[in-house]
Amino acid sequence: GAVVSQHPSRVICKSGTSVKIECRSLDFQATTMFWYRQFPKKSLMLMATSNEGSKATYEQGVEKDKFLINHASLTLSTLTVTSAHPEDSSFYICSARLTGLAGESYNEQFFGPGTRLTVL
Amino acid sequence: AQSVTQLDSQVPVFEEAPVELRCNYSSSVSVYLFWYVQYPNQGLQLLLKYLSGSTLVKGINGFEAEFNKSQTSFHLRKPSVHISDTAEYFCAVRPGNDYKLSFGAGTTVTVRA
Numbered sequence: 001g002a003v004v005s006q007h008p009s010r011v012i013c014k015s016g017t018s019v020k021i022e023c024r025s026l027d028f029q030a031t032t033m034f035w036y037r038q039f040p041k042k043s044l045m046l047m048a049t050s051n052e053g054s055k056a057t058y059e060q061g062v063e064k065d066k067f068l069i070n071h072a073s074l075t076l077s078t079l080t081v082t083s084a085h086p087e088d089s090s091f092y093i094c095s096a097r098l099t100g101l102a103g104e105s106y107n108e109q110f111f112g113p114g115t116r117l118t119v120l
Numbered sequence: 001a002q003s004v005t006q007l008d009s010q011v012p013v014f015e016e017a018p019v020e021l022r023c024n025y026s027s028s029v030s031v032y033l034f035w036y037v038q039y040p041n042q043g044l045q046l047l048l049k050y051l052s053g054s055t056l057v058k059g060i061n062g063f064e065a066e067f068n069k070s071q072t073s074f075h076l077r078k079p080s081v082h083i084s085d086t087a088e089y090f091c092a093v094r095p096g097n098d099y100k101l102s103f104g105a106g107t108t109v110t111v112r113a
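Chains as they are written, first to last, in the numbering used here: chain F, 1 to 120; chain H, 1 to 113.
Just chain F, with the same shape it has in the complex:
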């Protein structure tokens, strides 16, 4: 259990286009999901916290108009990289925090397999 999927796993796009990445919790509900960015040979940097039914909370320095986050259901959050440029090329990873049926939250975050974005 506690599986998180991401789609697509890899995407190559032209500069100026927008790319949408999906993060799904397959067998549990997640009122909160997190989006991370990982540069080569670097650690994960938290970009934003995605809250179901409300606006995402962005970390300092992350452009909210550049990285649009939508958390429309308890199992799906999407990250859209708008007008992508080569400097947006990176490995994007999402995680989901398990929420119980009674709305209780658990300590662990479950990570997706990541999406490799390459902008030409």
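It is possible that some hints are incorrect.
Claimed, not checked - Here are the simulated DSSO-like pairs of lysine-lysine, each with C-alpha atoms no more than 30 Å apart in a straight line:
hint, chain 1, residue 1, chain 2, residue 2
1, F, 42, H, 100
2, F, 55, H, 100
3, F, 42, H, 69
4, H, 49, F, 42
5, F, 66, F, 41
6, H, 100, F, 20
7, H, 58, F, 42
As the list claims (entries may be wrong) - Derived CB-CB ranges, DEER-like:
hint, chain 1, residue 1, chain 2, residue 2, range
8, H, 45, F, 40, 12 to 22 Å
9, F, 72, H, 77, 37 to 47 Å
10, F, 61, H, 98, 14 to 24 Å
11, H, 17, F, 51, 43 to 53 Å
12, H, 98, F, 22, 18 to 28 Å
13, H, 29, F, 61, 20 to 30 Å
14, F, 12, H, 45, 24 to 34 Å
15, F, 15, H, 77, 40 to 50 Å
16, H, 41, F, 22, 13 to 23 Å
17, H, 18, F, 14, 43 to 53 Å
18, F, 118, H, 108, 19 to 29 Å
19, F, 14, H, 29, 41 to 51 Å
20, F, 61, H, 108, 25 to 35 Å
Think of the hints as simulated: they come from the structure by calculation, not from any bench. Backbone N, C-alpha and C define an ideal beta-carbon position, used for all residues, glycine too.
With the hints as your guide, set chain H onto chain F.
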């Protein structure tokens, strides 16, 4: 705010030898501690976590870690590594009153035959 320092960026080790990956943290509040492993081009997999209780925590794949509050450390150990343990390892912390994880820079473990 929390910060995590992984003292070794790269650790080469021979197969069947022991390995220790060092992690120190700083925080003004109590924290939960985690170790994750990342294989090439994959997401993160939880190895083990410390929430409370016994300071020696056992995880998957034969890994264990010891929480030392006085030294603010959470070092990861494995007594005998395999080739398949070659991966990137991340130490992470989060405060007890928040769910945001702060990650260390990572340690690359390369196991050689």
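Results for each hint:
1. 42(F) to 100(H): It holds: about 18 Å lies between the C-alpha atoms, which stays within 30 Å.
2. 55(F) to 100(H): Roughly 16 Å separates the two Cα atoms, so the pair holds.
3. 42(F) to 69(H): Roughly 27 Å between the alpha carbons, so the hint for residue 42(F) and residue 69(H) holds.
4. 49(H) to 42(F): holds (22 Å)
5. 66(F) to 41(F): The hint holds at about 24 Å.
6. 100(H) to 20(F): holds (23 Å)
7. 58(H) to 42(F): holds (26 Å)
8. 45(H) to 40(F): 12 to 22 Å: Distance hint for residue 45(H), residue 40(F) holds at roughly 20 Å.
9. 72(F) to 77(H): 37 to 47 Å: Taking Cβ atoms as reference, residue 72(F) and residue 77(H) lie about 43 Å apart, which means the hint holds.
10. 61(F) to 98(H): 14 to 24 Å: Taking Cβ atoms as reference, residue 61(F) and residue 98(H) lie about 19 Å apart, which means the hint holds.
11. 17(H) to 51(F): 43 to 53 Å: holds (45 Å)
12. 98(H) to 22(F): 18 to 28 Å: Given about 26 Å between the Cβ atoms, the range holds.
13. 29(H) to 61(F): 20 to 30 Å: Since residue 29(H) and residue 61(F) have Cβ atoms about 23 Å apart, the given range 20 to 30 Å holds.
14. 12(F) to 45(H): 24 to 34 Å: Holds: the Cβ-Cβ distance is about 26 Å, inside 24 to 34 Å.
15. 15(F) to 77(H): 40 to 50 Å: Since the Cβ atoms of residue 15(F) and residue 77(H) sit about 46 Å apart, the hinted range of 40 to 50 Å holds.
16. 41(H) to 22(F): 13 to 23 Å: holds (18 Å)
17. 18(H) to 14(F): 43 to 53 Å: holds (49 Å)
18. 118(F) to 108(H): 19 to 29 Å: holds (23 Å)
19. 14(F) to 29(H): 41 to 51 Å: Holds - the Cβ-Cβ distance for residue 14(F) and residue 29(H), about 46 Å, lies within 41 to 51 Å.
20. 61(F) to 108(H): 25 to 35 Å: Taking Cβ atoms as reference, residue 61(F) and residue 108(H) lie about 26 Å apart, which means the hint holds.
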